[in-house]
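Enquirer: Below are the chains, spelled out letter by letter.
There are 2 protein chains.
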Amino acid sequence: MQTVALATFLCYTLLGDLMRKSFNIQDFAKDLATHCSQTQIRKFKKDEVITTYLINRNQICILLSGEAYLVRYDSKGFKNIIDCFKTDDVFGEAFYRIHTNRELFVLAKTDCEVLFFSYAMQELCDKNCSFHETLVKSLPDLIFSRVIALNTRIELLSKRGIRDKLLSYFSILASQRIGNTFELPFSLTDLADYLIIDRAAMMREIKKLKEDKIIEKNGKKITLLCK
Amino acid sequence: MQTVALATFLCYTLLGDLMRKSFNIQDFAKDLATHCSQTQIRKFKKDEVITTYLINRNQICILLSGEAYLVRYDSKGFKNIIDCFKTDDVFGEAFYRIHTNRELFVLAKTDCEVLFFSYAMQELCDKNCSFHETLVKSLPDLIFSRVIALNTRIELLSKRGIRDKLLSYFSILASQRIGNTFELPFSLTDLADYLIIDRAAMMREIKKLKEDKIIEKNGKKITLLCK
DNA sequence: TAAAAAAAGTTGCTAAAGCAACAGAATTTA
DNA sequence: TAAATTCTGTTGCTTTAGCAACTTTTTTTA
Numbered sequence: 001m002q003t004v005a006l007a008t009f010l011c012y013t014l015l016g017d018l019m020r021k022s023f024n025i026q027d028f029a030k031d032l033a034t035h036c037s038q039t040q041i042r043k044f045k046k047d048e049v050i051t052t053y054l055i056n057r058n059q060i061c062i063l064l065s066g067e068a069y070l071v072r073y074d075s076k077g078f079k080n081i082i083d084c085f086k087t088d089d090v091f092g093e094a095f096y097r098i099h100t101n102r103e104l105f106v107l108a109k110t111d112c113e114v115l116f117f118s119y120a121m122q123e124l125c126d127k128n129c130s131f132h133e134t135l136v137k138s139l140p141d142l143i144f145s146r147v148i149a150l151n152t153r154i155e156l157l158s159k160r161g162i163r164d165k166l167l168s169y170f171s172i173l174a175s176q177r178i179g180n181t182f183e184l185p186f187s188l189t190d191l192a193d194y195l196i197i198d199r200a201a202m203m204r205e206i207k208k209l210k211e212d213k214i215i216e217k218n219g220k221k222i223t224l225l226c227k
Numbered sequence: 001m002q003t004v005a006l007a008t009f010l011c012y013t014l015l016g017d018l019m020r021k022s023f024n025i026q027d028f029a030k031d032l033a034t035h036c037s038q039t040q041i042r043k044f045k046k047d048e049v050i051t052t053y054l055i056n057r058n059q060i061c062i063l064l065s066g067e068a069y070l071v072r073y074d075s076k077g078f079k080n081i082i083d084c085f086k087t088d089d090v091f092g093e094a095f096y097r098i099h100t101n102r103e104l105f106v107l108a109k110t111d112c113e114v115l116f117f118s119y120a121m122q123e124l125c126d127k128n129c130s131f132h133e134t135l136v137k138s139l140p141d142l143i144f145s146r147v148i149a150l151n152t153r154i155e156l157l158s159k160r161g162i163r164d165k166l167l168s169y170f171s172i173l174a175s176q177r178i179g180n181t182f183e184l185p186f187s188l189t190d191l192a193d194y195l196i197i198d199r200a201a202m203m204r205e206i207k208k209l210k211e212d213k214i215i216e217k218n219g220k221k222i223t224l225l226c227k
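The listed protein sequences correspond, in order, to chains A and B. Sequence positions in the first sequence follow the working numbering and run 1 to 227. Sequence positions in the second sequence follow the working numbering and run 1 to 227.
Be a bit skeptical, because a hint or two may be false.
Which copy? The list can't say, so a pair holds if one copy fits it or any two copies do.
Stated by the list, open to error - Here are the computed lysine-lysine pairs in the DSSO-like style, where the Cα-Cα straight-line distance is at most 30 Å:
{"id": "1", "residue 1": "Lys137", "residue 2": "Lys208"}
{"id": "2", "residue 1": "Lys159", "residue 2": "Lys210"}
{"id": "3", "residue 1": "Lys137", "residue 2": "Lys221"}
{"id": "4", "residue 1": "Lys159", "residue 2": "Lys208"}
{"id": "5", "residue 1": "Lys159", "residue 2": "Lys46"}
{"id": "6", "residue 1": "Lys45", "residue 2": "Lys213"}
{"id": "7", "residue 1": "Lys217", "residue 2": "Lys79"}
Hints were generated in silico from the structure; no laboratory data involved.
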């Protein structure tokens, strides 16, 4: 029964994914940078602010190298890590459509290289230029890559309780590689900010998960012992 | 200081929104239905399943009339209301990109009329047909309308504590109309499922909010007394 | 490489949220 | 319109998570 369900799931997954054309973000970025004068590439050092969403509207950014956080500080001063970007990820207000007056910051987690351009550009651009065509055709795929991340995050935050949040996140990380061992992409302090939970309570729960033989942990290397 | 911040915010908001072309979903739906044989319109009675995401991949649906819920049941059997669609909203797996084996259901909250078509369709379609062009041009706007909803939800779920979740949600509802009075779009039972909190605990918190003179409540009519 | 800063790991106490189990009101269905 | 069902409102008890305040370890930086 379990096996049939899994096979069915895999079948749909494969079919679904085959139907989706593969979109190469690096080719797209190269195309953009060489064909259009309205794009720019900038470099950032660790901890610098790459962009903010309230002020920089309609902006589309592609992370060419490095890692970055999308961060908000809530009314009580708590840091919330909303999203975590790695090389080839797309971000910018064009994909967030901010509607509150609480600013969102993109912070360089490591040294970064970022390509900037504007969503509104497709309107202003000469209709015969090849860039225009590329942009319009690629936009859905760019946005979809963000939509997947957003839905993943909603799924995480929908979990009741710290244990469920941790296990859900761990199984997402585990599913991205072969085997049940993976490396946490950020510090435990940041993990708590990402899951919107108290760090001390999280540590306590991780301890329990180890005691219950559900996970093994060596630094940032974690192994899921159950399925 | 407060006033300056608000004025600045409003200014950016207006500028941002002016730059965004207005997209009429009803015209789009009409265009689609009349120009393409691959689309279909179906009617549903209250509580019927409109579609599921795991099986119906790459599907795009437009709610022509009525209201619907996007629902998941978690591992403990809890009902989670992931999203709430009203007339003109766009949904379907094409916008969710399901990646777990937990099925998502779209349920008719009232009688509904829904337009169905496929995201993959743009690939198969004859390149000269006007529908193809319309679809490709409109897709980003269709998706953006979902992205806004997703981000709103993440903002809600990022709140620590029931009181914060309630107040955030209430202020979103209040901001959608003039004045501070609004009507809850669903029952209190469903509201708890939407905010992923215990209903009894939520009722207790609502009572406290009334006692603290932060809200007034008459049935589903709520007034925010503070800003 | 020594000092400083950040992250990891702990703990006791307190506050908040979940659960169960009701009763009464409102709504739906037969 | 009567019966059934769902929704609202409430409460006591229990479990969970948050907070504050530490120590120890690891990583940065001067």
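Enquirer: Could you tell me which of the hints above the structure violates, numbers in ascending order?
Expert: 1, 3 and 6
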